Structures are given as structure tokens and as C-alpha cells.
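Listed here are the chains, written in short residue letters.
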Amino acid sequence: MRPGAKIVAGQRWSSDSVPAPDLAAAVAAAQGGSEEAFRLLYRAVQPGLLRYLRVLVGAEAEDVAAEAWLQVARDLATFRGDADGFRGWVTTIARHRALDQLRQRRRRPAVVDAAADALVELPGAADTAGSAAEAVATDAALALIARLPPDQAEAVLLRVVMGLDVAAAARVLGKRPGAVRTAAYRGLRRLAKYLEQAGVTDSGDLTLREVR
Amino acid sequence: MSPRRFRRIDRKTAERLLSGQPVSGSDNLRELLAAAAAPPRAGELSGEQIAVAAFRAAHLTPARQQRRRPVLKSTLATLLTAKILVPAAAVAAVGGIATAAATGTLPLPGHAPADSPTISATHVPSPAPPGSEPASEAATPSPSLVGLCRAYTAGAGSEHGKALDSPAFTVLITAAGGKDQVPGYCADLLSDQPGNPSPGTPPTGTPETPRPAHPTGPPATPPASRPTQPPHPTGAPTTLPTH
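Same order as they appear, the protein sequences are chains A and B. Counting with our numbering, you get residues 1 to 212 for the letters of the first sequence. Counting with our numbering, you get residues 1 to 243 for the letters of the second sequence.
All clues given are correct.
Result set (DSSO-like, lysine-lysine): computed pairs, CA atoms no more than 27 Å apart in a straight line:
(1) A:175 with B:12
(2) A:175 with A:193
(3) A:193 with B:12
Rather than coming from a laboratory, the hints here were simulated on the basis of the structure. If you're wondering where the values come from, they're calculated on a predicted model, not measured in any experiment.
Please take these sequences and the hints and turn them into a complete structure.
The following block contains the structure:
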């Protein structure tokens, strides 16, 4: 692994791969009807969104994300805000869809809440052999985060995967910033404990088998 | 409780970890978070065509009308507009209507507002007889159907079956009359697109004002008693297109 480089390149990929000013410009351009700008927004936000949703609703994440983007496409003209605001806005829409999904699921009998299992079983089919290890690491990390209590998992994901700051995450969750900060903090501590329990002594050891 | 190694995670460290700033120690946790936020993978963008199709469809329909008015109101408005425009269309497109009548594809004015009426008129599964109420709901889905068809045909061949499972395509499947009907339905729909408007130039001009003369031919064309050519270069009704 390449610890230093990976953190910088990985943790903030959504901001790094598409510099914030460009994303802000893309929001404006997409509102003006630019399809290319909309694609850019999609590519910047969707991967993190999908990971967040996978923890929330498991295998239905892609459907929920698709519905969310339909709504985004429809309501984009009404959006007011910058790039970070856009990220939060899309996340809020997707979260509402996901919660609807969970409510429906609860009404259905005999459906096991297997979000974490579905997550782990998701194949990395689209990934090339070269990135397979990283894909596995991503799935494993998400599976571990999915084991957190929901409020902690959401706080961690919104901060780390969606790249939202405390205030933006709090708006998405409808909570006070202090509550979100605490939830994320507790989530990290618990994740550290999971890692310890899983016997992960070296960073490269985090595999699906050990997480399960 | 906490192992010695993780005792260092205080709130300050946690905040640095959460915001992606470099921290000393907590290597495993840092790796975990980095893995969770790793760069996007190809499979994670597989819904792009559907999202873009939705975007395109949203911009092909009268956005202002769609946003500000409740559905009922906007439907009423469409109906009213259609009624007002019936005489206008009749006057402006006498030639066109003559042509259409001759070829058996009489366009309904109610289909005009949002998209090319030719598509609606020739592809509504059971064509409404001239005396019946113009199907106002048929006017709305047309643009999105075109967009969805474009998204569908743009997808890789192997993805078709799976792509149709997405809720985004529910409307399309319903309109086509079944999942297996979608390929043929889209082929017909797209082949009859006049000029096949490129994504960069959506016909957003004046959404609430239909172009009465457009459906069947340029208004300058004198009424032809025996039309020998289809109104659109690519739109011969009997042609079975391949996409």
C-alpha cells in the first residue's frame, strides 16, 4: 500500500478529480442545459453516493441512486447553491429515497435486512484485474462501516465518502452539527475496535474474509 | 476497553481523519477510510446514460411550466393550448393535413406542444379516432420516451437486458407494451425522429407554442393532391429501421 499518497488521492477524490471551482461551474452550466456539465456532476458525485446508499439499502442502492438522479435532473433548475451545496442536495434527495425504500421493505414480510451481506457479495465484475485488490478493499471497508450503528455509519460516510463537512452533513441528516460530530467520532472509535478484533495488524491485510 | 494503539484517536485526530487530512498513527483506520473513499470504479458509473437521458428529457419538456405549475394545472393548460391551436393548425398547415390525410397519419393537435407530433401520431399504440379527446397525456411522455430510447440504444448490447430492470425504464417498458417490445418500439421511435435532434441543440425554443406546420411538412409546400414523398427524409412509415 501507499499510505500517504493514497490518503491524499483517495480520501478526497471527489474534490481532487474535479476541482471545486469546475464543479461549481458545472452546476451552473448544467442548470443552463449543458449535458456535458451534467455528466461531470454525475461522475463526481455518483460513486460516493452509490457507496453511501449501499450501506443504507444494500443491493437496491443502484435503483435508489437512479431514482435520485431522475429527481435531480428534473429539479436541477430549482437548485440554489455551490458545488458543496450540490453534493449535499443530491445526497439529501438520495437519502429520502433510501428511507422510503427501507420503510417499504419493513412493510414487506420476511425480508431480511442483509445490507452488509449484499455489500460483501457484490462482485467487482466491472473492475479490471489490476484494481481488483483495491475494489475488494473498498467493499470490505464499506462492509465494516455498515456494521456501525446507523447514525454513526451515516455520519462517517457523509464525511469521508461524500466529502461533506460537518455543517453540510448535519443538514443532510437533519441534526445539529454537534450531534453529527459526535456520531462520526464514535463511529471512528468503533471502527478502530472492529479492526483490532479482526486482527488486522497490517494495512494490507484487510480482506473480505477477515471482515466477515 | 480500547486497545493501547487506538487510544490516540481523540476528537481532533478524528476530525483530521474525517476530513482527509494527514495524521500520524492510526494507520489501519486511515487505510480503511481511504479504501472507502477510493477513486471511482467503472461499474459505479453504469447508470450514467439513464441519468443523462433523464436530464435530456427534463430539458426537452417545457421546464418552466413543469416547475411552477402543479400537474393538474399544467395538463389543463396543455389542453387549452391544444384547443386554441386547432384552428391555427388547420389554417397554417392545410397542405400538411392534406398530405397526412392521404397517408393516413393525421396528427392530433394535442400532441404538438412538447415534441414532434409526428412521433406521437404515428406511434400511439391505438391511434385515437379524430373525434375522440386528444390524448393529452400522450404529449408529455413523448420527449422522455425519446430520451429513454436514446439511453437504451446507447447502452452496450450486453447491458440491455439488465438496464431495463432499472426503474428509470419503467415508463418506456409500459409505453412499448412489454420488455421484449422495447427494442422494436425504440427503433421505430428513433427512426422517425425528424432530423434526429442532436443532444447539443434540444428544441427548447418556445415550448408552449407548438409549431403547427411542422408535423407534416413545411408550410411553404403547396397542397399536394397526391403526395409522392414522405414528409421527412427518414420517416417513411413502412421502413423498418435498424439501429
